[in-house]
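Undergrad: Letter by letter, the chains look like this.
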Amino acid sequence: DTGVSQDPRHKITKRGQNVTFRCDPISEHNRLYWYRQTLGQGPEFLTYFQNEAQLEKSRLLSDRFSAERPKGSFSTLEIQRTEQGDSAMYLCASSRDLNTGELFFGEGSRLTVL
Amino acid sequence: AQTVTQSQPEMSVQEAETVTLSCTYDTSESDYYLFWYKQPPSRQMILVIRQEAYKQQNATENRFSVNFQKAAKSFSLKISDSQLGDAAMYFCAYRRGRNKLVFGAGTILRVKS
Numbered sequence: 369d370t371g372v373s374q375d376p377r378h379k380i381t382k383r384g385q386n387v388t389f390r391c392d393p394i395s396e397h398n399r400l401y402w403y404r405q406t407l408g409q410g411p412e413f414l415t416y417f418q419n420e421a422q423l424e425k426s427r428l429l430s431d432r433f434s435a436e437r438p439k440g441s442f443s444t445l446e447i448q449r450t451e452q453g454d455s456a457m458y459l460c461a462s463s464r465d466l467n468t469g470e471l472f473f474g475e476g477s478r479l480t481v482l
Numbered sequence: 006a007q008t009v010t011q012s013q014p015e016m017s018v019q020e021a022e023t024v025t026l027s028c029t030y031d032t033s034e035s036d037y038y039l040f041w042y043k044q045p046p047s048r049q050m051i052l053v054i055r056q057e058a059y060k061q062q063n064a065t066e067n068r069f070s071v072n073f074q075k076a077a078k079s080f081s082l083k084i085s086d087s088q089l090g091d092a093a094m095y096f097c098a099y100r101r102g103r104n105k106l107v108f109g110a111g112t113i114l115r116v117k118s
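The listed protein sequences correspond, in order, to chains V and U.
Residue numbering for the first sequence follows the working numbering, beginning at 369 and increasing consecutively.
Residue numbering for the second sequence follows the working numbering, beginning at 6 and increasing consecutively.
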């Protein structure tokens with residue numbers, strides 16, 4: 369296993385369109401996290417899953433955002449009716465369910481909304 | 006809510022010299038974990054070093070070490086013998102239990118040859 373993979377790496381879309389990002393975590397990791405990172409800033413937490421259960425959502429996750437993790441494997445993050453303010457890097461990370469569990473990050477999906 | 010503050014937006018160091026990146030955090034918890042992550046340009050974030058709050062001994066990983074001052078809520082990263090490959094954005098992060106990581110705004114480290 370080569371780590372956390374994210375697809376697509378870069379998405380350019382027009383305002384108002386829907387986009388979906390996919391994250392494949394490390395196979396034995398049951399925790400999966402989504403973060404958003406804007407240029408020059410630290411990652412901001414969006415949501416996380418333990419297996420298929422979504423345990424926490426940030427208030428940053430407006431009703432235009434939805435995340436799923438069916439069967440506790442890969443996860444998708446969908447943004448509906450995109451706005452220019454949604455332009456950012458969307459990072460996925462996974463970890464074991466341990467207190468000391470290190471988060472392993474993917475390379476991110478960069479969204480540009482025109 | 007927990008917050009993590011990195012007061013140095015950018016730092017520079019000469020190759021082979023030592024640099025220290027600062028981080029302070031705010032929490033009312035006594036048991037938590039602190040991390041430094043490195044994000045090279047256009048590459049994924051990787052863990053540099055981790056510190057458990059209940060451990061008094063400062064963590065070290067090869068050329069990387071931390072100065073953990075629990076009472077002062079300070080967690081600085083020292084990089085010794087800096088190398089060109091150390092150039093990156095460095096993030097300090099806090100985690101309590103199995104919960105999410107909370108990141109600081111980051112410090113850009115530039116290494117001069």
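Keep in mind the hints are simulated off the structure, nothing from the lab.
It should be emphasised that the depicted structure is a prediction, and the values quoted were computed from it without experimental measurement.
The C-beta atom is built at its ideal place from N, Cα and C for all residues, glycine as well.
One should not assume that every hint holds.
Short, incomplete list of chain U residues facing chain V, as computed with Cβ under 7 Å [to be verified]:
id, residue
1, Pro45
2, Gln49
3, Ala110
Which residues of chain V face chain U? A few of them, derived with a C-beta cut under 10 Å, are [stated by the list, open to error]:
id, residue
4, Pro376
5, Ile380
6, Tyr401
7, Tyr403
8, Glu424
9, Ser426
10, Leu428
11, Leu429
12, Ala461
13, Glu470
14, Leu471
15, Phe472
16, Phe473
17, Gly474
18, Glu475
19, Gly476
Undergrad: For a quick check of understanding: which of the numbered hints are violated here, in increasing order?
TA: 1, 4, 5, 10 and 11
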